[in-house]
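For this one, chain C is given, so just place chain Y on it according to the hints.
Protein sequence lines, in the order shown, are assigned to chains C and Y. Per this note's numbering, the very first residue in the first sequence carries number 1; after that it's consecutive. Per this note's numbering, the very first residue in the second sequence carries number 1; after that it's consecutive.
I should point out that these hints are in silico values taken from the structure, not numbers from a laboratory. Where a beta carbon is used, it is the ideal one built from N, C-alpha and C, also for glycine. None of the hints are false.
Sample of chain Y residues lacking proximity to chain C, with all beta carbon distances greater than 12 angstroms (derived):
#, residue
1, 132
2, 335
3, 383
4, 448
5, 449
6, 508
7, 511
8, 529
9, 537
10, 569
Not everything, but these chain Y residues come out facing chain C in the computed CB check (under 10 angstroms):
#, residue
11, 8
12, 31
13, 32
14, 35
15, 39
16, 60
17, 65
18, 66
19, 220
20, 223
21, 225
22, 227
Among chain Y residues calculated to face chain C with C-beta under 7 angstroms, some are:
#, residue
23, 36
24, 62
25, 221
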Amino acid sequence: MKTLDEFVGLVRTELGLPLTDGDARRTFDELPGWDSVYLLTVLTLLERRTGKQVSLPAMLEAGSLEQIYTLAAAA
Amino acid sequence: MEDFFTHHASGPLDFARVPALLAGLDGPDLLRAGRLLARLTPGDVPDARTCTIAVTGQGTLAPLIPALAGELARHGLLARTTVGQFGGYLTELADPASEIYAAKADLTLCVLDAQTVFDEVPVPWRPADVEAVFTAKLATLENLIGRFEKAGGGTLVLNTLPLPHRFTAQLVDHRSRAQLGAVWREATARLLRLGEEHPGVVVLDLDPLIAEGIAVDEPRFRSYAGLHLSEPLLARYAREIGHLGRGVAGTTKKVLVLDLDGTTWGGVLGEDGQDGVRVDGAFRDFQRVIKQIGSQGVLLAVASKNDAEPVARMLRDHEGMTLREDDFVRVTANWRPKHDNLTVLADDLNLGVDSFVFVDDSPGECGLVRRELPGVSVVQVDVEPALHVGKLLRDGWFDVRELTVEDGKRVTKYRDELVRKDFLDSFDSIEQYLKELEVRVVLAEADAQQVPRVSQLTLRTNQFNLTTTRLQQPQVQAMLDNPQWTVLTIASSDRFGDNGLVGVLFARRDGTTVHLDNFVLSCRVFSRGIEQACLSALLGRAKAEGATEVLAAYRPTAKNGKVAGLYPRYGFAEAGEGLFRHDLADIVEVPDHLHLEQR
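Looking at chain C on its own, in the form it has when it is part of the complex:
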């Protein structure tokens, strides 16, 4: 997973949400069909993909998919 678009694509497929690349910067409140419990699914996905541990408390504070991607990239 090398780009933000690729990450959004992964979330779109796994969660089955109609996300566009532009949605990465929107806050979770603005994403149609988003549920806070999806953060746990995304964390599991990211760790499985990257093989690295991502901080859950930091993820819970993130406001958008882009911020999560940045967190994972820094891990």
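Chain Y only, in chain C's frame:
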């Protein structure tokens, strides 16, 4: 080949195809499908049968929603799930106005975990402190069960609380650790027994599930998100709920059909000969499991591509075989396509093929049966017989809430039935056959001991079930306790033996009107005049008790088309809205060939 995801993306979803499309999915893929299914509303899939589920408990339980959607859909059911507040089970089950009760759910899940107890244990603690809290919790639970029963709603599902290492390891001495293990399991045993004492309660034992190698929790999810049970464990739990949902919907499987070569024994009988096939080791284990399942009311049958004679000899003479000819209602060994043989068997047993589970090691045979008979659940085993048992038991195809006396005798009854069919073939006319059959019927008011069987009849019967009103045991008991209701059981026997309790009439008195709300009769005893005799008796009874009319209800389903004309045939006039009226003037007689006794 189209898979679930491409089918979903191409929309609109054909819900009838979903079980077959989900058949190969597991783990994260099934959850992914579940997330899509969880967003469906009944309006999206109007033909889907729904199962309503209310979830309450101690931790974060939202991840159960997609897991339940996926598992229920595997059984052709659309899950409509309501989840209560975090940690809200105490107030939600105590308050009859809560959203958990408002959901009027078929299944109410109260998901508990070790935290339910340890949250109230002081620090520092000893095993005795844990015992005291657990005991108090059990008392609270019993109280909540009482309220649940009073509210009269469906089935309450509790679960055991797996004890994680992080608690036992806090005690540094082995003696105390063993003590904690003992008090925990003693309390767990009392929890499990709540299911025996309360017919509306099911307690799921999570220990066998975690013994498959599933982690109880994920420390970070627990600490930061309040997820007290891991997602994989919740998913596994949801699979068990899927089986309960199947039972509530009345679509429990009834027949297990086995292939022989490569499935029941190793090798090919036609080539290796009776002495060359293997029936030891894993095949023996598999046969023992099949025999065990067959002893509990599941009908066993064989569909094998073989010559009939060597198969009969093998089942009769081979010393190492656990399964014998008597264990099966029918052994079909021929060279016709298996789906044809399954269809014939279903007709002869008077059951739908969708009550069949079929096990075969040949991908070709499995694929063919899946394509030709999509209602049949296909369990594909492979070349490794040690995995057969796991693959068969992975799904609780035959799970029921409780066995009844009838279950133990079912194989014999169906075998008798096949003998009756041969007997029928020996007569020129159906009248002559019925006369010789010597049918005896006993119609009696239901008593408390019959509640499990009465409930089971409403749950298992699909064809002769006039309104398909499924009733759990507490609902049946409530009818027995209510003087307005008359629940009449139908028992029958004939020259070939006792059929047991085969049907029920549910009637309700309102002024001078008797409402016949449902009439259920087992498919084993169709076409013998039993339905005519029972209606005659019911109408006669209503008249004798001063009623002026009987209003009988019929609600069409995909399965009960054959009884659509039942009431008009016996003198009822159509009264609109699925009701049929009998004015009690001209009552049909009990057929001559049959002896009816009323108690």
